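Novice: Fit chains B, C, D and E to the supplied structure of chain A, relying on the hints for placement.
Protein chains in written order, with this note's numbering: chain A, 1 to 100; chain B, 1001 to 1631; chain C, 2001 to 2514; chain D, 3001 to 3492; chain E, 4001 to 4171.
Treat the hints as calculated values from the structure; they're not laboratory data.
Small disclaimer: the values here were computed from a predicted structure and weren't measured.
Every residue gets a Cβ at the ideal spot worked out from N, C-alpha and C, and that includes glycine.
One or more of the hints may lead you astray.
[Claimed, not checked] Quick partial rundown of chain E residues pointing at chain A, CB under 7 Å, derived from the structure:
#, residue
1, ALA4010
2, VAL4020
3, ALA4024
4, PRO4026
5, LEU4040
6, ALA4049
7, VAL4052
8, VAL4071
9, LEU4075
10, LYS4086
11, PRO4088
12, GLN4091
13, LEU4102
14, VAL4129
15, GLY4130
16, ALA4155
[Claimed, not checked] Simulated restraints on C-beta separations:
#, chain 1, residue 1, chain 2, residue 2, range
17, C, ALA2213, B, GLY1582, 25 to 35 Å
18, E, ALA4159, D, LEU3205, 27 to 37 Å
19, E, PRO4120, D, GLY3050, 28 to 38 Å
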Amino acid sequence: MVPASAYLFLSALLFTLGVIGVLIRRNALIIFMSIELMLNSVNLAFVTFARQHGSIEGQVVVFFVLVVAAVEVVVGLALVVEIFRWRETVNIDDVDLLRG
Amino acid sequence: MGLAPYMLLWPLAGWLICGLAGGRLAGRAAGMVASSAVGASFLTALLLLLGHIGTAPAQGAAGGLDPAPGLLVPLFSWLGAGDLWVEASLLVDPLSLVMALVVTGVGFLIHVYSIGYMAEDPNRSRYFAYLNLFIFSMLVLVMAGNLLVLFVGWEMVGLCSYLLIGFWFARPAAASAGRKAFVVNRIGDAAFLLGLFAIFTALGTLDIPAVREGAGGLPDGLRTAIALLLFAGATGKSAQIPLHVWLPDAMEGPTPVSALIHAATMVTAGVFLIARLDTLFLGSPVALTVIATVGALTAFYAATVALRQDDLKRVLAYSTISQLGYMFVAMGAMAAAVGIFHLVTHAFFKALLFLAAGSVMHAMHEVIDVRRLGGLGRQLRWTAGGFIVGALALAGVPPFAGFFSKDLVLEAAFALGLSSGNYVPYALGLLTAFVTAVYITRAVSLTFCGTPADPGAHPHESPPLMLWPMAVLALLSVAGGLLGAHLAGEPLLRFLESLAAAGAQADAPHPPASLLIGISVAVALLGVATGWRLHRGRREPALGVLGTFLEQRWYVDAAYEGLLLRPGRAAARWLAGTFDLGVIDGAVNGTGRIVAALGGQARRLQTGYARHYALGLLIGGVILMGYWILR
Amino acid sequence: MLSALIFLPLAGAACVLLLPREREEAIRWVGLASSGLTLLLGAALFAAFDPSFGGMQFTESAAWLPALGVGYSVGIDGISLLLVLLTVVIFPIALVGSWGSITQGVKAFTAAVLALECAVLGTFLSLDLILFYVFWEAVLIPMAFLIALWGGPNRRYAAIKFFLYTMAASVLMLVAIVSVHIVAAAQLGERTFALERLADVSLPPASQWWIFAAFAVAFAVKVPVWPLHTWLPDAHTEAPTAGSVVLAAILLKMGTYGFVRFAPVLTPDALVAAAPLIAGLAIVGIVYGAAVSWAQTDLKRLIAFSSVSHLGFVMLGIASLNLQGMQGGLIQMVSHGISTGALFLVVGVLYDRTHSRQISDYGGVAALMPRFAVVFTIVLLSSAALPGTNGFVGEFLVLLGAFRVSAWWGALGVLGVVGSAAYLLWAYQQVMHGPPRAKHPERLVDLSRRELLVFAPLVAAIFLIGLYPRPLLDRSEAAVGVTLARLQRPSVAAACTPPQAGLGLTALPKRCQP
Amino acid sequence: MRAPGGLPPITTPPVEIGLILPEVIVLATALVVLVADLWVGPRRRGWLVGLSLAGLAWAAWAALSASPGVGFSGMYVRDALTCAGDLLALGATALGLLVAPGYLKRHGLDRGEYYFLVMIAGTGAMLMAASRDLLMLFLSIETLSIPLYVLAAFRRGFARSQEAGMKYFLLSTFASAFLLYGIALLYGTTGTTRMPELGARLAELPWSASGSAGAALVTIGVGFKAALVPFHAWAPDVYDGAPIPSVAFMAVIAKVGAFLALVRIFPLTLGSTAGEWTLALGVVASMTMVVGNLAALLQSSYKRMLAYSSIAHAGYLLVGVATGTAQATSAVLTYLAVYVAMGTGAFAVAVAVEREGDEADRIEDYAGLAARAPLLAAATALFMVSLAGLPPTGGFVAKFGVFAAAVEGGGPGGLALALLGVLTSVISVYYYLRVVYVIYSVGEGDPPQGVRILPCRMLGVALAVAIAAVIQVGVLPATVTSFSGRVVELFR
Amino acid sequence: MEWGVFLIAAVVAIGGGVGVITSARPVHSALSLLAVLLSLAVTYLLLIAQFVAMLQVIIYAGAIVVLFLFVIMLLHARSGEPLHQKLPRQQPLALVFGGAFLAALLFGGLGAARPFAAPPEEFGTAQQVGAALFVEFLLPFELASVILLVGIVAAVVLASREAPGRRKEGR
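Only chain A is shown next, with the shape it has when bound in the complex:
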């Protein structure tokens, strides 16, 4: 049987990949996808722990994470579209009017 640590290892790895993606990519859409990656790795951790504890809570959480992720994607994409409409860029580094 595959132990919990294997799943958790995978989860941590995916989360880190997501983090690095957010940090090194400039395309807002890819950054969003990286964040989705992070959320999914969280889900994996929750499901793993649910299995470990034999409690259903961890699985239910996934549902809520899904909902939130969906809403965030909607809002985020709306923002990207809006910014693209005015600045014609999805490069997050170009969004740098505010500083100091």
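Specialist: Just chains B, C, D and E now, with coordinates in the frame of chain A:
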């Protein structure tokens, strides 16, 4: 309370009237008010004296002029804090009465003289207000029953001196001179103040009778210390080395002021102080030696400087310093009564000399440089007469007043030599007597003899209002010696016998009086003759380097300027500029600048790139997790 | 009664704010009326005060922040009485004194001055440490306002420096206050910031030291004790006349008052131990202030540094920890308030006429303004501590007190007496004597009737205190005695429980152990 | 009824409406406003605000009268902290509503959705205070945050507003992921997400890396909302770019929610393992105070200066959380109450001033304000003085409470924090008083060009309320402190 | 067998993850994301979470990725990434601290791992999840509905075309 407070009230009232009424007092009104105030004060003092003598037999054991012990007149309690309790009080005793009489008497004459002298000055009511304030302050000083009250008078006469020296403040020299006088006096006052603290710390009181009483019980070292501190105070007020420098400059004031304050009364306060606390000084041989030595040195120094001064008033000023030195020699020689006697006679003849000099200035439109005078004896007969009487008294020519007192001083100095082996004061005193005769003869010669330096000047004799006081003073200068002459029974000295110094003198070995008198007379006459020979016909023999040295007052003023004043001023500028603004304030502003710089750095962290922010979040998160896990 | 005294000016300020800003005359009179009423109330207080009792009188107290044991509690003793008296006298004078010079923003100006009076009175009358701190800090705001809005060309810098410097020093005091409170809570079993309750607390020596240091720094900056003085010249120089007057006359006394009021009660051992240090700094301040004054070219700066010197005397008196010294310090506080306040008014008179503070721009003014010259002379002599004026009484007692501790203290302190005469007379000569030098002599008109009225009470006070200081000394003596008696208290530090034991009311364990 | 699959029926438990009544009322009001907006004409949108305020008042009444208890399977708790959170959030929401209309109208943004979003965010903050479960907390945070993204980007077509929304959204979701992972780890360690049980089990365990890592990750997530350094970087840019009314609201509501959650998490849930986090929180608090105040020092933009100032205030608040005693917690609540008033007030002032038709965000734009709008100027000055923590304003009482609690309950570390706190407060005085100086400076050059003062009645009401609160707490603090003192009962 | 499935799923997931963050074109990233999501669904099945796996496929893979693709298409033209890096030090720092973070995460996460016990009956079924959702998680469930509503309103507000006063601004 008796009459004593009224003596003070008169000039106080005069001051208030002249001061507040100000310009509304037309013509001579201010002078009249002021003079009558002082006159009233003099009469009160006289009444007090008579009363004092009158009550004496009832109290004293011996009859005649034996003085009553001092009468302490409390006025009001001034201040108190803990065990300090200062009662503003007056002390009526022979010493204070003698001083009060001199102050009010000479003061009255000079007030009257001033009416004439200042007739043209627009600010004369201010002048008379100051003058009355001075008389009041001086009376506070001499009548004080408490050392702190004495100190009040002490400082206030200094103030009046400042105000009067700088009376013509539009002249920078006058203003500076006044300030110099005040500040130099303050140095002495500071020492005086420390002396007071020491007295209070040791004795727990500042009442003069109690201090006189308790002084005997003090340990030697402490007594010496206190005595030296008080003497340091006295050197300031009485212009002794090293604090003498203010007095010559003080001649910038109106001449009657010089006569009253800087010759007759205020400058003698230091002498008075020592007489006042004679019991304290007597117990300290070290202090006495110092006093006698400083006095003698000052006397000699000032006399030599007076040899080469061109300003007639400055000559008189140095002469005053020199004569004050004599008084201190007497004090140091444990002959307080003699010192006071010389103080009194000096008050007469020096006031006379100054008034005469003032009369000259009045006649010559403020010219006082002897090189521009000459031959005035013919035009200004009365003035010249007065001056010459004063000069003879100063030179110590018998039978003028100065002869008696100066002789007694020298006698006392000789006695000091007998008892302690220290003949320096006597020797210097004798030498000074010679020099004195020389320089005053020179002054007379240059001013009144020979041909006028400025033929165009047409001097007119001063008005009677100025001459009469001079006449009275001349009379006193001639006859004043009787107060202390053996022939007349030494009334003043006996009156002052309560002074312990006078009593102590009795135990000392008696000097050969007649021999000493002879020497004195000889020296005085020799001096006059020398002076006449040297300066006859308004000649001024070249003395080369020595002459310059004397003209430059032994370079003392220059040394003060160069070694103290200028470096001090530079140090103050450095402190105010470089140190205060640069270092201390620089540290403060530097802190501010560092914080501001940090603020700028903190702003730079906010680059505007969201990815930087995310990285920052990650880094913070990693550190936080690391700490939390590995803790 | 005390609350009425404190808040009457504030009520006046509120009235002023309700008036339309165009009605400047009405605003001025309302301002004067409320500070005048405060003065009357203060005078009544002075009359009703019982000199024989050294404790607090007319006390009032109420809960304010009960959760923390903070109370509104005020009271007066002989020490605060003198300073309250000084305050109520100076403020109307400052107000009237600025009628001629403040023409813009009269409303805000008057309100700020009145608010300042409220805060100052509160500072002097608070018996609760937090209340004290509140008033102490509240003083800064209107004062900084006065400097920043009606000040000279460099006013912004000066105001910010004044504010930040004094505040930086006093926030540490707040922490110290809380620490005292915590020890007190452990020892007394109750939460309190009331001074009289805290008097029963013995702080352990180690914390006494740093608590004393925190208090001392806060007070020392305000005094200001050398070398924490550099805010003062800038603040004084840039402030408008009324601001300078109040700053010099009253605000500086808050620092010295703090030393007298709190250090002997809360940290007696540390105070005794630190007295030589304080005296040393005081002496340096005396001499340094005098020397630096002498080198100034700006009249207000000169007076500011003279304050450093004069306040050095106060600190020296306090550091002597004996009756004469402390009494002298108190009288010197009052005297300095009067004479330096008057000096700033004097400079204000000149500044109003020529708009220059530079000494070199003047000369020979005495001839043009004889009445002014008389006033200036009197004020100057008072500042130079001439006997017969108020300045002498204070300095004499201070120096006597210091001398009794150590002859050296006295000897060095006396240097200040010489120094003050030197620089004051020097300045006076430059400004008033010599030939007239002003560019526009016609502007130098003599004192107006209003200005004379402003100076009259100050001159009267100068002589009154100088010649008969007994009414003041008698009233403060008992309180000073009580204060000094605290220093004799045997040190109970050894018997003290360590501060860690049973702090706070919560059951939570201690955190953050090192 | 049985489903075809033969599954047992799901019996939903009774909804404990009494517990969540305040939240429900606000939510209902929000929905009513959203719907009513469709019928209300543009001129009568004032009614919407009135309606909302009525709803908020009703909710406040409900919060005060609701009885305490735990419900919804232990997900929700109504106690003193909840009640305090409700009132704080309702107050902030009410002020947030009042501040907006004038601005929205001027900039053509007057839409009912704005009020809806404000009230939803308010609900989120209320729920954050009431969450007894980490998942519930996560959802509450999202309920708070998502409306705020929109509010930040509400000025459509304006690059700065868009950028604010974008940055806020991006970083917030990033932080949310960390938070979630933290919740997952805590869940994995203890098998539960209910806070009290979780705290109890963590205390039983000797030490667990996963628990520590989880707690750290949760701290990142919540600390982000509270704008704690180093998770603060979004705040200056977002506050700078977002429309002023939004900023006035979000700066305050986010702090209310985040700090109530922090209080819930740290002293209340993890109180028994306090040694693990006091130092960490103390260091974070120090950094927050220092960076916030230093960066604010040299700002030339009023909004940006206030943004950094809000970071600094988060630092002061965190001092109270890190101390963790009942007294400190009570002080945090008092602080929040004062901050709601002065924070909103300070931003709200800027709503009334505009330069050339746009926001007047340079500090110089306020030069001479005192001459033109004395009341507005006085209000600004008061808020600045209060933010600086000077007596006799509420800001002083707030700071004093926190620092006193830190000295009292925090040992040497607490003393150090208090010292750092007071010293950074001194630094803050500089930039706050600079504003006051600019406002009151007379005769220094001409008034800035094109600056107009635009009074608005509702804004006036908001300012008046804020002023009253700041003065009230400053002069008679007992009213508020005794209320926040009720949290002591939570520690028994 | 289980290991085999897991390893395949894990490799695909990791590969997909790397693909997401390294693909030059957003479309490739989206497809990589899809691969991750699907392989995660497989691991959910291994973890006895059938319902969750179903949700994963339907909602995530079905809805969210489609949304991404839709937006990518909408913005297709200039959505590539410029070569010019404005933040040169970002990448190395991200890798370093990402690695450190991974270490911390592993150290913390793996510490929580315990051996799996036999799962309770009906574990992970839609029935059980649904029951929990409507009983235990009733309040969060209601709250989720609020969040969804907010999402809708947000989208409306942000995307509505009636925005007035539109103009570009900047410094």
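Novice: At a threshold of 7 Å, is the proposed contact between LEU4040 of chain E and chain A supported by beta-carbon distances?
Specialist: holds, 6 Å
Novice: Are GLY4130 of chain E and chain A close enough, Cβ to Cβ, to be under 7 Å, as the hint says?
Specialist: violated, 9 Å
Novice: Could you check if LEU4075 of chain E really has its C-beta closer than 7 Å to a C-beta on chain A?
Specialist: holds, 5 Å
Novice: For the hint on PRO4088 of chain E, just tell me whether its beta-carbon gets within less than 7 Å of chain A.
Specialist: violated, 12 Å
Novice: At a threshold of 7 Å, is the proposed contact between VAL4071 of chain E and chain A supported by beta-carbon distances?
Specialist: OK, holds: VAL4071 of chain E within 7 Å of chain A, min 5 Å.
Novice: Would you check whether ALA4024 of chain E satisfies its interface hint, that is, whether its CB is within less than 7 Å of any CB in chain A?
Specialist: violated, 9 Å
Novice: With chain A as the partner, please determine if VAL4052 of chain E meets the hint condition of a C-beta pair closer than 7 Å.
Specialist: Interface hint status for VAL4052 of chain E: holds (5 Å vs cutoff 7 Å).
Novice: Quick one, is the LEU4102 of chain E hint okay against chain A at 7 Å, beta carbons?
Specialist: Holds, about 4 Å.
Novice: With a cut-off of 7 Å on the beta carbons, see whether VAL4020 of chain E makes it to chain A.
Specialist: It holds, given that the least Cβ distance between VAL4020 of chain E and chain A is near 5 Å, below 7 Å.
Novice: Is the shortest C-beta separation between ALA4155 of chain E and chain A less than 7 Å?
Specialist: holds, 5 Å
Novice: Closer than 7 Å between Cβ atoms is the bar; does LYS4086 of chain E clear it against chain A? Give me holds or violated.
Specialist: holds, 5 Å
Novice: Lying within 28 to 38 Å: is that true of the beta-carbon distance PRO4120 of chain E to GLY3050 of chain D?
Specialist: violated, 54 Å
Going through the hint list in order, the structure does not satisfy hints 3, 11, 15, 18, 19.
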